[in-house]
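Engineer: Spelled out from the first residue to the last, the chains are:
Number of protein chains: 2
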Amino acid sequence: MYEGAIQDLIDELGRLPGVGPKSAQRIAFHVLQSDPADVHRLAGALQRVKELVRFCTTCYNVAEAEQCRICRDSRRSGDVLCVVEEPKDVVAIERTGEFRGRYHVLGGAINPLEGIGPDHLRVRELMTRLGGGAVRELILATDPNTEGEATATYLALLVKPMGIAVSRLASGLPVGGDLEYADEITLGRAFSGRRAV
Amino acid sequence: MYEGAIQDLIDELGRLPGVGPKSAQRIAFHVLQSDPADVHRLAGALQRVKELVRFCTTCYNVAEAEQCRICRDSRRSGDVLCVVEEPKDVVAIERTGEFRGRYHVLGGAINPLEGIGPDHLRVRELMTRLGGGAVRELILATDPNTEGEATATYLALLVKPMGIAVSRLASGLPVGGDLEYADEITLGRAFSGRRAV
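Same order as they appear, the protein sequences are chains A and B.
Heads up: the first sequence begins at 4 in the numbering used here, then just goes up one per residue.
Heads up: the second sequence begins at 4 in the numbering used here, then just goes up one per residue.
I should point out that these hints are in silico values taken from the structure, not numbers from a laboratory.
C-beta: ideal position from N, C-alpha, C; glycine also.
A couple of the hints might just be wrong.
[As the list claims (entries may be wrong)] Heads up, simulated SDA-like pairs for lysine to any residue below, C-alpha to C-alpha not over 25 Å straight-line:
| id | chain 1 | residue 1 | chain 2 | residue 2 |
| --- | --- | --- | --- | --- |
| 1 | B | K91 | A | G7 |
| 2 | B | K91 | B | T156 |
| 3 | B | K25 | B | V42 |
| 4 | B | K53 | A | R44 |
| 5 | B | K25 | A | G23 |
| 6 | B | K25 | A | D181 |
| 7 | A | K53 | B | T156 |
| 8 | A | K53 | B | D41 |
[Claimed, not checked] Covered stretches of chain A, as calculated for chain B (at least 3 residues, CB under 8 Å):
| id | stretch |
| --- | --- |
| 9 | 127-137 |
| 10 | 162-173 |
Input sequences plus hints: build the corresponding full structure.
Structural biologist: So this is what it looks like as structure tokens:
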């Protein structure tokens, strides 16, 4: 409905995840009214991501060098490995400041309905890393949903015979939450996972 | 928390309206995994909008030439003028296919709380157009909220003495809506604006 360039931009923005036609239009008009330098910076950032960012050859986290920042950091313990689905999970765990080991990014979770099996994930690469013998403990930090649980169960079965300690992140009530609003599965897990005080 | 380029992109995306930190991260990872050609097209569309799009010198709609598509279209009636707040309102009205006249885009609405008075809008430009004598009817299609109503009332007072017919878009129940869910002001307007059948 708009003329050329602005409709092109609305169309392109509408292809992004979570951006509907109304948001695309809103963003396009924002761009139209913003400072040319700001728009230039955004366009540049988009292109630089494609040029510079690749995946760490060790853990498959996002990186701008052969290895990511965490794999390059010699102060991080190499004997604990945390397995996550996506690079954003690495960031979420790093934010807690609780973990000083290294990561392994699977690139997804097992999902038979969508035809994603272990061969589509970086499971073989994980086994190679574990085969090196340096890893003492493996923390399975896949998402607490069906696919994540299936992936964790699969990996636990595979890794336990190697004599490596395998653990899974605790499920339970979110801190700051309200007991009465917790769903029954979460509340059930909080019960079965109760700790002595 | 991310390295260089991807964090830059998340920061830039987070400045767009309606894009929070989580969406910015989601879009950044989408960009990272999409085809370089798609990303190049989006970056190009952003920059082209700033280069090509300007405002029509007659009606202040968005345009890629001296005048917008509607002002250039000689089949459109020049004796009915529809006043709207923003270019997106032009698109919304064009979609109805009900209007064959021309537009005047004010660039906003009167809002004393934010210090926006008639001088900040294209009111003077509207009066110049109306002074030409070709316009027979003025349709006030500002938003049906406090600012839009104030703007419409102000313009009506200004234009009526010129002998031009002034009308306002009908307020009432949205088509396909449910009477019981209508707010009292809308329902009240629907009553006062009832039509003989």
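Engineer: Give a verdict on every hint.
Structural biologist: Taking the hints in turn, this is what the structure says about them:
{"no.": "1", "hint": "K91/B with G7/A", "result": "15 Å, holds"}
{"no.": "2", "hint": "K91/B with T156/B", "result": "22 Å, holds"}
{"no.": "3", "hint": "K25/B with V42/B", "result": "20 Å, holds"}
{"no.": "4", "hint": "K53/B with R44/A", "result": "13 Å, holds"}
{"no.": "5", "hint": "K25/B with G23/A", "result": "16 Å, holds"}
{"no.": "6", "hint": "K25/B with D181/A", "result": "23 Å, holds"}
{"no.": "7", "hint": "K53/A with T156/B", "result": "52 Å, violated"}
{"no.": "8", "hint": "K53/A with D41/B", "result": "11 Å, holds"}
{"no.": "9", "hint": "127-137", "result": "violated (count 0)"}
{"no.": "10", "hint": "162-173", "result": "violated (count 0)"}
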